[in-house]
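Enquirer: Keeping their order, the protein sequence lines are chains A and B. Here the working numbering is used: the first residue of the first sequence is 1, the next is one more, and so on. Here the working numbering is used: the first residue of the second sequence is 1, the next is one more, and so on.
It is possible that part of the hints are untrue.
Listed next, the stretches of chain A that the computed footprint assigns to chain B, with coverage defined by at least 3 CB atoms under 8 Å from CB atoms of chain B [claimed, not checked]:
1) 70-78
2) 113-126
3) 183-195
In case anyone wonders, no lab produced these hints; they're calculated from the structure. Glycine included, each C-beta is placed from N, C-alpha and C at the ideal position.
2 protein chains.
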Amino acid sequence: MPKIVDHEARRRHIADALLRIASREGLDAVSLREVAAEAGVSMGMVQHYFATKDQMLMFAMIQLNARIGERVATAMDAPSPRAFLRAAILELLPLDDERRSEARIGLAFLARSVVADEPADLLRQALPYVIGFYAEQIRAAQELGQVRADLDAGIEAVILYTMAQGLVNPALIGHLSPEEVVATVDYHLDRLFLTSG
Amino acid sequence: MPKIVDHEARRRHIADALLRIASREGLDAVSLREVAAEAGVSMGMVQHYFATKDQMLMFAMIQLNARIGERVATAMDAPSPRAFLRAAILELLPLDDERRSEARIGLAFLARSVVADEPADLLRQALPYVIGFYAEQIRAAQELGQVRADLDAGIEAVILYTMAQGLVNPALIGHLSPEEVVATVDYHLDRLFLTSG
DNA sequence: CACTTTACGATGCGAGTGCATTGTAATCGC
DNA sequence: GCGATTACAATGCACTCGCATCGTAAAGTG
Numbered sequence: 001m002p003k004i005v006d007h008e009a010r011r012r013h014i015a016d017a018l019l020r021i022a023s024r025e026g027l028d029a030v031s032l033r034e035v036a037a038e039a040g041v042s043m044g045m046v047q048h049y050f051a052t053k054d055q056m057l058m059f060a061m062i063q064l065n066a067r068i069g070e071r072v073a074t075a076m077d078a079p080s081p082r083a084f085l086r087a088a089i090l091e092l093l094p095l096d097d098e099r100r101s102e103a104r105i106g107l108a109f110l111a112r113s114v115v116a117d118e119p120a121d122l123l124r125q126a127l128p129y130v131i132g133f134y135a136e137q138i139r140a141a142q143e144l145g146q147v148r149a150d151l152d153a154g155i156e157a158v159i160l161y162t163m164a165q166g167l168v169n170p171a172l173i174g175h176l177s178p179e180e181v182v183a184t185v186d187y188h189l190d191r192l193f194l195t196s197g
Numbered sequence: 001m002p003k004i005v006d007h008e009a010r011r012r013h014i015a016d017a018l019l020r021i022a023s024r025e026g027l028d029a030v031s032l033r034e035v036a037a038e039a040g041v042s043m044g045m046v047q048h049y050f051a052t053k054d055q056m057l058m059f060a061m062i063q064l065n066a067r068i069g070e071r072v073a074t075a076m077d078a079p080s081p082r083a084f085l086r087a088a089i090l091e092l093l094p095l096d097d098e099r100r101s102e103a104r105i106g107l108a109f110l111a112r113s114v115v116a117d118e119p120a121d122l123l124r125q126a127l128p129y130v131i132g133f134y135a136e137q138i139r140a141a142q143e144l145g146q147v148r149a150d151l152d153a154g155i156e157a158v159i160l161y162t163m164a165q166g167l168v169n170p171a172l173i174g175h176l177s178p179e180e181v182v183a184t185v186d187y188h189l190d191r192l193f194l195t196s197g
C-alpha cells in the first residue's frame, strides 16, 4: 500500500480551504470545484479524500470546533472562575478577524443544523459539554463565595451561553462594536459575580 | 390598465409559499420552481411579480418581520413592563409550531445577513428598533421602582435580546424543551426585576 | 518482475438553477 | 372596436452542481 502522503494532513488542507470559502461567501458558496480551486488541488483529489460533500462539511466543522476548543482550553488556566468564563466567552465572539471568520462559519452552521440532521447531532452533543463547563465554573465561584449561592448555576450557564451566541450576529453586521460587545459581557459578569473588594 | 387582480395579495401569497419552503427545508431549498409549485402557480407568474429571486426573498422576510411585529404589538397592552417584555420575548421563541417555523426562517436569514448586504441592512435597521423597545420598557420599570435604578437599561436590553436570540437554536434542535426555554426567560426576568410583592 | 492497492487527474452526465424570451389571453382608455 | 398595457404561461438557455466513471502513475508486497 503506497502511503507517501499524510492522509489526515491532506484532509485538513482541504477542510481549511472550505472554511476560508465559507467565511468569505457563506456555506452556500461551498462547492467541490470551489474548494478544489481554493485548496489548489484538482477536484478529483477532493473527491478522493471525501466521499461526499456532506462528509467534507462535517469534517471541516469538527475541525473548526476543535480549533476553537483548543483556544478555550488555553484560557483554562485563568486565575479565577470569572476570568476563565470571560476568556472562554470572548474567544467565541467576533472581536478580531480570525474570530470574525470563525463566527461567520459558526452562524451558518448553526442555521444549517436546523434543517439537516448531522450538524444538529453534532451540536446536540457539543452543547451540554460547553454549557456544563460554564455551570461548573459558576458552581466553583459559588463555593469561593464569588457568586451568590442562591443563584441557579445551570440556568446562569445557559444564559451565559445564549447571550454569547446572541451577540454574534449584531457584532458581525456591525450593530455592536467590539468594545460594546466586551462591555456587554463584562456588564453581565458584573451582575453575576459579587463585586468582592 | 387591466387590474383585475390584487397585486399585493398575489405577492403575499407567493411569499407565504416561500416561507413555508424555507421553514421546511431551509433557505437553500428555495427556488423559483419550488416556490411556484408550493404556491400552486406557474413559474412565469412568480417572475411576473418578482423581478429577481433576491427581491422575492427580501419581500418575504419583510413580510415575516411584519407578521411577528404585529403579534408583539398585540402584547403591548400588557399590564406591566415585565409582562410586556416577557410576552414580547416569548413571541420570538420557538414554543409552538408556528413560532418554530418562524424561528427556523429567522435563523437562516440571520446567517444570510452575514454574507449578503440586503439582509444585513434590514437587520441593522430593525435591531435598534427592537432593542430600543426593550430599553424603554426597562426604563419605565425603573421609574415604577420595579427595576433597580442603577442598572443600565440599554445594556440590559441588549442582553435580553441576545439571550432570546441565543435560545432559538438550542430550542430548535431540541436541546432545551419549551418549558426550559420559558423557565430560563422567567429566571432572567426574576433577576432583572425586583421581586416586589 | 508481476500484481495489487493507493492516489490522484480528467471527463462526462443528469439534474437543477435563475433568468430571458416569446406568445397570448384579458382588460382598460379612447 | 382598437391599440396599448397588464397578467400571465411556456419554453429555452447558459450555467453550475454533486457525483460517477475511467485512466493512469506510483509505490508497496510477493
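Enquirer: Going through the numbered hints above, which ones does this structure break? Give me the numbers in ascending order.
Expert: Hint 1 is the one this structure does not satisfy, whereas the remaining hints hold.
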